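Turn these sequences into a full structure, and let the hints steer you where they fit.
Numbering of the sequence shown is given in this note's numbering, commencing with residue 173 and proceeding in unit increments.
Hints listed in this document are in silico derivations from the structure and should not be mistaken for laboratory results. All of these numbers come straight from a predicted model, not from anything done at the bench. Glycine included, C-beta positions come from ideal geometry on N, C-alpha and C. Hints are supplied without guarantee of correctness; some may be wrong.
Below, simulated BS3-like cross-link-like pairs (lysine-lysine); rule was C-alpha separation at most 27 Å, straight line [stated by the list, open to error]:
id, residue 1, residue 2
1, K227, K209
2, K295, K267
3, K209, K194
4, K267, K287
5, K267, K302
6, K302, K287
7, K297, K287
8, K218, K234
Pair ranges (Cβ atoms, derived) [what the hints assert, rightly or not]:
id, residue 1, residue 2, range
9, L291, N266, 14 to 22 Å
10, S278, Q208, 21 to 29 Å
11, P300, G260, 14 to 22 Å
12, R261, D211, 29 to 37 Å
13, A204, T233, 16 to 24 Å
14, K295, D249, 18 to 26 Å
15, A235, G260, 39 to 47 Å
16, D249, E214, 26 to 34 Å
17, Q207, D284, 16 to 24 Å
18, R237, P309, 55 to 63 Å
19, A235, P309, 39 to 47 Å
20, T232, T298, 19 to 27 Å
21, I296, D198, 46 to 54 Å
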Amino acid sequence: MTVNATEITSSEWEIMRVIWTKGPTDTNDIIAILQQKRDWTESTIKTLLRRLVNKNILTTTKAGRQFTYHANLDEADAMTETVDDVFGRLCNMNKGAAIIDLIQSSELSQTDIQKMQALLAEKIKTAPEKVACNCLPDDCDC
Numbered sequence: 173m174t175v176n177a178t179e180i181t182s183s184e185w186e187i188m189r190v191i192w193t194k195g196p197t198d199t200n201d202i203i204a205i206l207q208q209k210r211d212w213t214e215s216t217i218k219t220l221l222r223r224l225v226n227k228n229i230l231t232t233t234k235a236g237r238q239f240t241y242h243a244n245l246d247e248a249d250a251m252t253e254t255v256d257d258v259f260g261r262l263c264n265m266n267k268g269a270a271i272i273d274l275i276q277s278s279e280l281s282q283t284d285i286q287k288m289q290a291l292l293a294e295k296i297k298t299a300p301e302k303v304a305c306n307c308l309p310d311d312c313d314c
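Encoded structure:
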């Protein structure tokens, strides 16, 4: 079974963020953490965990009566796959504006900004004057 980050719901992302941050985590810890963040019942959290296991995004090991959950999907890979999926649906001409909006609305570290500046300084050397529209097969007047 393939692991597909685009199948993760918003609620499931909350579960994954706990496991990605803590590493392999048992049911009780996941429930305690999520109940501090969300108004979710124990059964809701267990249902979300079961769905993630069914999607092969998580695996479990059992020690006595306790399950420990392990991520089968790296957080960076999940983020890249999700962003690629979203940006794959956008017109090429609007991707720059979307990235600008994202940068403006995101809290970024100085290190991240410096890396972006360096990347953009390199990318501008080979960037086209205008990006072609990819919305319609031959007839686009964007």
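Hint by hint, work out which the structure violates, then give me just those numbers in ascending order. 17, 19 and 20
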